[in-house]
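Novice: So the chains spell out like this:
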Amino acid sequence: MLTLDGLSKTYRTGDSALSDVTLSVPKGQIMGLIGPSGAGKSTLIRCINRLVEPTAGRILLNDVNLVGLGKSDLRRQRRRIGMIFQEYALVERLTVMENVLSGRLGYVPFWRSFLRKYPEFDIQRAYQLLDRVGLIDHADKRSDALSGGQRQRVGIARALAQDPELLLVDEPTASLDPKTSRQIMRLLTEVCAERGLPAIVNIHDVPLAQQFMQRIVGLRAGRVVFDGPPDRLKEDALTTIYGEEDWNTMRQGEEEQSQAEADARDRIAALAQ
Amino acid sequence: MTGTSAPTSWRRPPQIIKDRRWRIAVQIGIVVYLVLAFGSVEVNWIRVYDGLERGQRFIMGFLQPDFSSRWRDISQGLIESLTMTLTSTVVGVAISVPIGIGAARNLAPRWIYYICRSIIAVSRSLQEIIIAIFFVAMFGFGPFAGFLTLSFATIGFIAKLLADDIEEIDETQAEAVRSTGATWWQVVNYAVQPQVMPRLIGLSLYRLDINFRESAVIGIVGAGGIGATLNTAIDRYEYDSAGAILLIIIAIVMVAEYGSSYLRKFLQ
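If you read the protein sequences in the order shown, they are chains A and B. The opening position of the first sequence corresponds to residue 107 in the working numbering, with each subsequent residue numbered one higher. The opening position of the second sequence corresponds to residue 272 in the working numbering, with each subsequent residue numbered one higher.
Treat the hints as calculated values from the structure; they're not laboratory data. It cannot be assumed that every hint is accurate.
Said to hold, decoys possible - Label pairs and their calculated CB-CB ranges:
1) A:D237 to B:T358: 42 to 52 Å
2) A:L180 to B:P284: 50 to 60 Å
3) A:D237 to B:E442: 25 to 35 Å
4) B:E442 to A:L221: 20 to 30 Å
5) A:Y117 to B:R376: 44 to 54 Å
6) A:R199 to B:V306: 52 to 62 Å
7) B:L397 to A:D283: 19 to 29 Å
Claimed, not checked - Residues from chain B that face chain A, not an exhaustive set, calculated with beta carbons under 8 Å:
8) A277
9) E439
10) T443
11) Q444
12) V448
Don't be surprised by glycine CBs; every beta carbon is placed ideally from N, CA and C.
Chain A with its partners taken away, still in its complex shape (with noise of 0.2 Å):
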């Protein structure tokens, strides 16, 4: 269970990204993040794992205040929360398994991780991760020879060899096309019901996100504007996250891809007879 009280920060342009964000993830839930670029989406993942420091605050997970822990501390609490990226974030020089064993980093010492010696059970852990996201036969490659779809189920599995206690998960379908980006969701929600992980994904397809999510939460400037399941999402709550302007030309812009999606089907039906 994750609680946020009262997060906000504040950049030292004097931008603030997050104000005043109360929130709390139970065990299991799949919680949707969208809004606008600049609604400070990424800023809220980030300040949980404290790759960004929040300004002010408390991040309860499971009872440990992550805010204000020293460096040792807060590293032992990275090891619970596993992070997904949207550009994927494979070191892309290391093979597949040494990006899935890196999520061990947190629990092995340096020398261990510095000789490529990692305990039997981490190893074997590994293995049946790879198996998992369907990947076995690709542990030996080099991870820049995958494709988007192989990378990101690398990033799922190095993520959760982490054995997290929390998703932490950044745009994960947003370099990936729409069949591929469906088949990510899948196996994300599916992984998060096998271990009954709670997970914040941020997402700016809001289709996708009302197909996959149980929960949905609407950022706007940095605060909560909507929380909610995905079908009570609708025109009007749209609109208080995007704004009246943009809601309609992203509507627009939806209904011009899938009329061209659309148009393209009849065309290739037509060449098919």
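Based on the hints, put chain B in the right spot on chain A.
Specialist: Okay, now just chain B, sitting in the frame of chain A:
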């Protein structure tokens, strides 16, 4: 602007000095300065004529290089130079790596950053010959002074380029490793090293190449190696031996050049 009303000629507008009068004044100024500068160079034509003869003997020496009569000196100088090159590159790179990491703004705390950057600045601001003269005065003639000189110069070169490279790594990879709860050393080993290693190897090979060439130069001021042999040969007016030495240097530099560029390509 339809049909023929659009203009048919176009000139690139002036980019740096917009005012036409200033442009002409600056151009005239440059010409006047060049004329005066050339006028101030004093040339002693008789001395030039004498020199031509010496130059001719030099070129004849090149055309008929004598490898054999001074071969013992030449081979000893070569061995000294090659030893100096290899040891100084290895030692220099080994010292450069920690300094380079310390001089990377995104890895090191402020005070370490400033210390390492100043070491680099000192090493880079002193030309090899000046350092060589200094070390020769301290430790006497011979390859040890050369070894120290080249190691010192290598530190400035490799540490600076390595630090700049570390500052340009993809931060999200480091962020990802950091977010697993990794320590600073583990972040360096898992997120930074894989990103900069190919370039570090490439730079080290390039530096090996430079160090060999420099070893020939600093020998002239007494730091041992093939440069010292070359200097002796020229002092004794043995241009055929000097020609042989220069040809050997050219050959070795070429081999090093092709070898290192092949290796670098292979590593990418």
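Novice: Which hints from the list above does the structure break, by number from lowest to highest?
Specialist: Going through the list in order, the structure violates hints 5, 7, 8, 9 and respects the others.
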